[in-house]
Amino acid sequence: MIFGRLPLEQSHRLLTGGAIDRLKPLSFSFDGRSYRGYAGDTLASALLANGVTVMGRSFKYHRPRGVMSAGPEEPNALVELRSGARREPNTRATMIELFHGLRATSQNRWPCLRFDAMEVNDLLSRFLVAGFYYKTFMGFPGWHFWEKRIRAAAGMGAGTVEHDPDGYETMNAHCDVLVVGGGPAGLAAALTAGRTGARVILVDETDGLGGRLRSERDTLDGKPAIAWAASVAAELADLPEVRVLTRTTAFGIYDNNLVGAVERLADHMPVPPAHVARQRLWHIRPQRVIVAAGAIERPLVFGGNDRPGVMLAGAVRTYLNRFAVTPGKRAVVVANNDDGYRTAFDLAAAGIDVMQILDTRSASHGAWRERALAAGFDVAEGSAVTNAYGRMGLVGCDIARLDGRGGTVGDSRFVPCDLIANSGGWTPSIHLHSHAGGKAEWNDQIAAFLPGSVRSDVVTIGAARGRFALSDCLSDGFKAGAEAASSCGFGTGTAPDAPITDEVPTAPLQALWSVPPTPGKKVKRFVDHQDDVTVEDIELAHREGFVSVEHLKRYTTLGMGTDQGKTSNINGHALMAAARGQSIPTVGTTTFRPPYTPVAMGAFAGRTTGRHLAPTRRTALHDWHAANGVVFIEAGPWLRPQYYLQPGEAVSKETMDRAITDEVVTTRTKVGISDVSSLGKIDVQGPDSAEFLNRVYSNGFAALPVGKARYGLMLREDGLVDDDGTTSRLSDTHFLMTTTTVHAAKVLADLEWYLQVVWPELDVRVSSVTEQWAGMALPGPKAREVLAAAVDPGADVSNEALPYLGVTCTATIRGVPVRIFRISFSGELGYEINAPADWGIAVWEAVMEAGEDHGIRPYGLEAMGIMRIEKGHVAGPELDGRTTPDDLGLGRMASTKKWFVGRGMLDKPAFTDPDRPKLVGLVPVDGVSRIRAGSILVDDPDAATPVPKLGHITSSAYLSPTVGHPISLGLLARGRERIGQEVWAVFPLRGIRVRARVTETCFVDPEGKKLHG
Amino acid sequence: MIRIPCPHCGPRDHDEFSYVGDATKVRPADPAATSPEDWHRYVYLRDNPRGAHLEYWHHIQGCRAYLKVLRDTATHEVLASGRPEDALEAPR
Amino acid sequence: MAEIMTLPPRRSALDSVWVLGDYGIPGPSGPGVTIIRRLGLGAIQLDARRDTAAAVARAVSDSLGIALPAPGRAASGGEFRAIWIGPERWMLLGSDSTGLEARLRAAVEPAGGSVIDQSHGRAILRLSGPRVRDTLAKGTGIDLHPRAFAENTAAQTGLFHLSVTIDRRRGTGTFDVHAMRGFAQSLHESLCEAAAEFGYRLA
Amino acid sequence: MAEYSVFSLVRQALSGHKGWIRAWRDPEPKKSYDVIIIGGGGHGLATAYYLARNHGITNVAILEKGYIGGGNVGRNTTIVRSNYLLDGNNHFYEHSLKLWEGLSSDLNYNVMFSQRGVLNLAHSDGQMDAHARRGNAMRLNGVDSALLDRRDVQQLYPYLDFSENARFPIYGGLLQPRGGTARHDAVAWGFARGADRLGVDIIQNCEVTGFERDGDRVTAVKTSRGTIGCGRVGMAVAGNTSRVAQMVGLELPIESHVLQAFVSEPLKKLIDGVVTFGAGHFYISQSDKGGLVLGGDLDFYNSYAQRGNLPTVENVMALGCAMMPNIRRVRILRSWGGIMDMSMDGSPIISKTPIDNLYLNAGWCYGGFKATPGSGWVFAHTIAEDKPHRFNEALSLERFATGHLLDEGGKGPTPKLH
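These protein sequence lines map, in sequence, to chains A, B, C and D.
For the first sequence, the numbering used here gives the first residue as 1, with consecutive numbering after it.
For the second sequence, the numbering used here gives the first residue as 10001, with consecutive numbering after it.
For the third sequence, the numbering used here gives the first residue as 20001, with consecutive numbering after it.
For the fourth sequence, the numbering used here gives the first residue as 30001, with consecutive numbering after it.
If we strip away everything but chain A, and leave its shape as in the complex, we get:
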């Protein structure tokens, strides 16, 4: 593209050929400029078709870059796709399927792609070598000064601050055989396995099947190979147990062959259709995995090898053959293998001038060379490009003869060209093999790592194991498909005959890790294009001792770009090996870890985000609350009533405070009702139940009479308090345990642990019945009158029939059989009523009706919290996993007459230390100041730091409506001895200090008269 002049429409498009649909032209824009392409294009191919050569800027030096590849390995052509909330930075233009209205912008440049102020870094590059930042920025004005500027300049594309409007989801799949890659090997494998009736899944990351066949001009049985691919695709589509997933990248193999794959359902559309996720993450659980992931071509490392117009030879063929795009008009081809010749033929067939074929091998005598010579190409052996020129587009290159010892012979020669197709050989994609725990083994023939041994249930075939010939890929595929299916019990394991190819035999490559510079010229030879790692950087790392591949990677950032080193790692490691004078396998390779290509965070999250982050648990009374002014609050998974507004009230601090106070006052003076359904309820049955409870509770349960409830305390094995609750004996062998809301699941799991593992001799079964019962607490002086009015005739709830801690299971309310427990958290005369959940609202309404004349009102968690603090009952903030029974004033509940869980630890020196904080009450000396939870208790707030601490405030009520002033609970060193004394409760985060008097923990009815009344 020539700046300032409208480009010819698709000036670089061939009139015929390719797999694009010329009947479906698509408009798109890049950097605000409109272009046209065709259905079937990628953004990269469409831009090339329009003569656009510069698509991005490199990370560090901001050098203008064109497209290097045609696949996921692309390091250069990264763009910001879409805009606003859907902006996707760093998106590889080679992988973006063109759609109508597509908008992309270039990134990492200011103010525009062509003129980028940060290109000054390129001029300063001699200072900005690998690791320069470790040696600088330490003195004045300090790192914080420089870091701000570096952070402002770093990064590639810009993310968005808007919330992503699209959806994601997860899908699970099981199969006998999973085939990764829909190229010739993968197609052959999937077909063979699929025909046996086995369940087969084939995934391919592109929009169609065929793999390299889509890019090459091979034939099979005399017909275009792509036609064979189409016929296989059609047959696979008809097999009922075969599932083909295109636009799907298998990004990782996890333990037990769980393969993670991401399917791009809507990335080729402007926006996802309604009800369709943007991306879907697959969990595939195959019995056998066949990895046919192909190979990735390596670039040669020569001067100016990053110039726009320097491309991988295989990519050039893809653009020519699949997209009918000519990436240049005059081409130089340079390769260390036969792909150079193959590329030259394809270029010539598309009418492009092949200025020169450079074969870097000192002597190759293969069939390809013979064909090229016969066809009249200008072939130079033992020669290479030594420097390429052209800032915004290639203008030419120097070529020179190599001396085979890292230098050149004779003078270089300038050749004008706008395209350099280069190939340094192919690197098999062994990523998935490596994820599965397979080793990598160096192979000199192809100068790359091959999959070594791995478990038998993951096999790598075709180009992914270095078998690059089409015939080899096919025979690998047919064989692997048949074997995999048969190992799963399908078919005979016999591979069918492969179709006949028209391949020209290839001569071996000769590794060439870097090309010497043009004599007398300073050149930049890029190993990692995106992160601007040069040959010199690797030499510097070696000089400074960063010689292990891990140190090399971390010091130079080699392979750390969005392309994950797909085109750079082997070249870099080989250069380090050369510098160390060791072999490449000795130097080693870095470990591949998922993901194979970058995967969107949203795809991993799936639906589990936003309000679906965790399932929401609603009580059986939820709908009643919702219809009656409730404000809900999250309590773990539950939604629970926080407080209730009166009709017409809106949420505000004032209405909240009023509601809470009213709820407390009503309960304390009349009667209140609250939803306690979320408390854990565990059914305990069996002849050994009493013995069992006696072991898990620190206090005694063996002698609990039938029809009675008891408060119990549970410890962990380490002696610290775990949970509390009341447990009732319904019959000799049947108990109902309650737990706190928070610990319900853990307590059940612990009980199962003790029964199944520790004491299997006890004949007891436990089950959660939390969901079966709606629970409602009914406390207040009028509670009995209300209950008496609510129960159906015949039930006796008098003090005599149902005394404190009594239990009855025979009463009904509105005909509903209920369980009534005379227990109380608020300290009032109180009951807890359990009703089968589907009848919960009916029973609640019956009680409300019965209480109407007594002024009953529902109360929420806030009022409940205040009332329990007034009573000095412990809850979550006190049961924080660091307190012993004695710390909480519950030492008497740790029986000395029996053994129970945790007792063995209670004598530890730290637990019996008299200085240990103990639970006390604290009130403001001035009678009005609030003592916030989280305040620290100290003797002298003005002491020098670190200020000695005596404890902290665990729970606080800003105003106890019952006692008329703020109250709080706290853990205070030697607290029991300090009752009546004063301490400071300090809250330095807000600059608050309150003089507090230490009191007993119970502020209301310490004798418990109300309970028994």
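In short, the hints are calculated from the structure, not lab data.
Note that the structure is predicted; figures quoted are calculated from it, not measured.
Yeah, the Cβ is synthetic: ideal placement off N, Cα and C, and Gly gets one too.
A couple of the hints might just be wrong.
Think about it this way: if two alpha-carbon atoms lie no more than 27 Å apart in a straight line, the pair counts; the simulated DSSO-like pairs of lysine-lysine are [said to hold, decoys possible]: (1) A:898 - B:10025; (2) D:30416 - A:746; (3) A:1009 - A:670; (4) A:135 - D:30416; (5) D:30065 - A:148; (6) B:10025 - A:746; (7) B:10025 - D:30411; (8) A:148 - D:30268; (9) A:522 - D:30018; (10) A:898 - D:30411; (11) D:30018 - A:521; (12) D:30065 - A:439; (13) D:30416 - A:524; (14) D:30098 - A:135; (15) D:30411 - A:949; (16) A:135 - D:30268; (17) D:30411 - A:746; (18) D:30411 - A:135.
Quick look at which bits of chain B chain C covers, simulated, 3 or more residues with Cβ under 8 Å [to be verified]: (19) 10001-10014; (20) 10063-10072.
Taking CB as the label site, the calculated pair distances span [to be verified]: (21) A:207 - C:20029: 26 to 34 Å; (22) A:944 - D:30215: 43 to 51 Å; (23) C:20058 - D:30281: 35 to 43 Å.
Dock chains B, C and D against chain A, hints included.
Relative to chain A, chains B, C and D alone:
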């Protein structure tokens, strides 16, 4: 995803289970006769081997059974599984 | 018996969200998934205790005419369905009006079994239609293919991060899903979102 | 060319960077050393550095089985903070944070310590109270912290999920402004270079295979490169602690677990500081290069495989996307797994051991990276003086027996929960 063969439900993904830990630790049978040192050893000390590790898992989203599993902590391979009372041996 | 006559109606956990109708993008032959609530069921959990499994099974067979299924299985017998839900533990389902709990209690307690009424603690949905497996597969890791999960197979497993029972009923694509009552709305939302691309009907 | 500075860089640039020398030597092991440090990770390197710098003990070898910095110092989320509740931890980590503040100039190596603030979000009143308690305790210790309400948080990070769609609404948070991040590899390399310059031998590819004992003393360390005599031995091999300890018959209150971490593609600056979610375990920051660096929970089972599983990945991402719904389209570029020494109370152990001249540095749980300089400082002191420094008195091995636990989360002896 580790596939854990539940002796009751068959092989299931490990995310259906809750990991419990070292199954070579046996809770002292007679607490009254257990020294503080033995409690300490039971509650706090672990062999923590690299390689075969005998451990408990709880099939918390499934049948709620506790399982004994012999698993290689270096490879995550499950070598054997069974009920808590089973003595597990790695297959040769 | 008088009380039973005057009992208030049972209120399901999904009453406030269950709006009959077709939703999402319907498939070529109508909704891909049809979901109904199974209301008014009795769901009684039955535990055998130490060494009583055989006696309990006999007692159940004698009184209800149903054989308790093996692990991972479900069975129908008469008007009841029994699902294995854990070692020596089953869920028995039947119409609420059959006095299931009382009958079971009378039958198995002498044999050493324990009975727990869970009728109100579970929300039970029946899913059918050509895309049921795809819908469920979005939330569970177990294999529901007929080769792996035949008729009368039942699993305790996770579905959209919830603990559920999945019971494969007769036919090619009918599954009952039992979830804890409190999570019913969460499950309902997840199922509906997952099924929307196939089209679903709340019936 | 010893000193690093902008001047030396310019001078070198003009001569093609040919004059730079190795950042640390590659010596052959000597017959014996006064102190052998096992483990060439951040803590081992820092310990050797401070042994030489603070205590004048320079006849020191660091034995590393692979390459230095290849363990958790090279695989973490680079967060540095001292916002601990319990004094035993808070004093120690604050000492470490103070060392971080001068570390680059002390080492003459830019470790890129960036005090960009660490914010812990809260999602309930109870969590706000717990944060307040922690922040108040920090302030009383002279450590910076600030309690933010919902509006304050919204001003700092407007793109967090403040919408109705949030499952767990943001109530506020606790901010430690002096917390931040550092360039993790540079810390290892800086300490290595610093120790090397003071005469310490850094011996890579040297795996410890056993010990020679004389009663309650260790007399030599057997390695893959021969037996090396020792005066004292310090173990700093978190991740492999139990395995090395077993060679001297020590059973420890430690389990090894795998913790995964992730980095995204590089983005223009999006997140200023470090933010942690409070309704699930998730933490995120942005590297100077632009990648979002994030992590979450352990995989929850004992593991020595530096490889995690998919459910944990998904859980971490779900929490991240819930906290910041604007990053759902951001792609994860790399993931890695580190082996954590999970202790029984979630706090580290820097301690003498029942073996007279063997010292233990272990049990780092999630907290090892931020501790690196402080850990080296007090461990060097413990080895040199044969008694703990006042900042690691609380981090003793005996605390599990005596009950003086440092359980920040109150989770009890269940390592996976810390």
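Hints and how they fare:
Between residue 898 of chain A and residue 10025 of chain B the alpha-carbon distance is near 23 Å, which keeps this suggested pair within the 27 Å criterion. The suggested pairing of residue 30416 of chain D with residue 746 of chain A holds, with an alpha-carbon distance near 14 Å, which does not exceed 27 Å. Restraint check: the Cα-Cα separation between residue 1009 of chain A and residue 670 of chain A comes to about 16 Å, which is no more than 27 Å; the hinted pair holds. In summary, the hint linking residue 135 of chain A to residue 30416 of chain D is not supported, as the alpha carbons are separated by about 40 Å, beyond the 27 Å threshold.
Note on residue 30065 of chain D and residue 148 of chain A: the hinted pairing is violated, with a Cα-Cα distance of about 38 Å set against a maximum of 27 Å. Distance check on the hinted pair: residue 10025 of chain B and residue 746 of chain A sit about 20 Å apart at the alpha-carbon level, within 27 Å; holds. At roughly 19 Å between alpha-carbon atoms, residue 10025 of chain B and residue 30411 of chain D fall within 27 Å of each other, so this suggested pair holds. Restraint check for residue 148 of chain A and residue 30268 of chain D: the C-alpha separation of about 12 Å stays at or below 27 Å, so the hint holds.
This hinted pair checks out: residue 522 of chain A and residue 30018 of chain D have alpha carbons roughly 15 Å apart, not beyond 27 Å. With a C-alpha separation of about 26 Å, the suggested pair residue 898 of chain A and residue 30411 of chain D falls inside the 27 Å cut-off, and the hint holds. Between residue 30018 of chain D and residue 521 of chain A the alpha-carbon distance is near 18 Å, which keeps this suggested pair within the 27 Å criterion. In summary, the hint linking residue 30065 of chain D to residue 439 of chain A is supported, as the alpha carbons are separated by about 20 Å, within the 27 Å threshold.
Between residue 30416 of chain D and residue 524 of chain A the CA atoms are separated by roughly 50 Å; this puts the pair beyond 27 Å, and the hint is violated. Of the supplied pair hints, the one linking residue 30098 of chain D and residue 135 of chain A holds, its CA atoms being roughly 22 Å apart against a limit of 27 Å. Between the alpha carbons of residue 30411 of chain D and residue 949 of chain A the distance comes to roughly 22 Å, so the proposed pair stays at or under 27 Å and holds. A hinted pair counts as satisfied when its Cα atoms are at most 27 Å apart, and residue 135 of chain A with residue 30268 of chain D qualifies at roughly 24 Å.
The suggested pairing of residue 30411 of chain D with residue 746 of chain A holds, with an alpha-carbon distance near 12 Å, which does not exceed 27 Å. A distance of roughly 43 Å separates the Cα atoms of residue 30411 of chain D and residue 135 of chain A; the hinted pair therefore is violated under the 27 Å criterion. With 6 residues having a beta carbon nearer than 8 Å to a beta carbon of chain C, the stretch 10001-10014 of chain B meets the requirement of three or more and the stated coverage holds. Coverage of the stretch 10063-10072 of chain B by chain C holds. Counting CB-CB distances below 8 Å, 3 residues qualify, and the rule asks for three or more.
Our hint of 26 to 34 Å for residue 207 of chain A and residue 20029 of chain C holds, since their Cβ atoms are close to 28 Å apart. The hinted range of 43 to 51 Å is satisfied by residue 944 of chain A and residue 30215 of chain D, whose Cβ atoms lie roughly 45 Å apart. The hinted window of 35 to 43 Å between residue 20058 of chain C and residue 30281 of chain D is violated, with their beta carbons roughly 50 Å apart.
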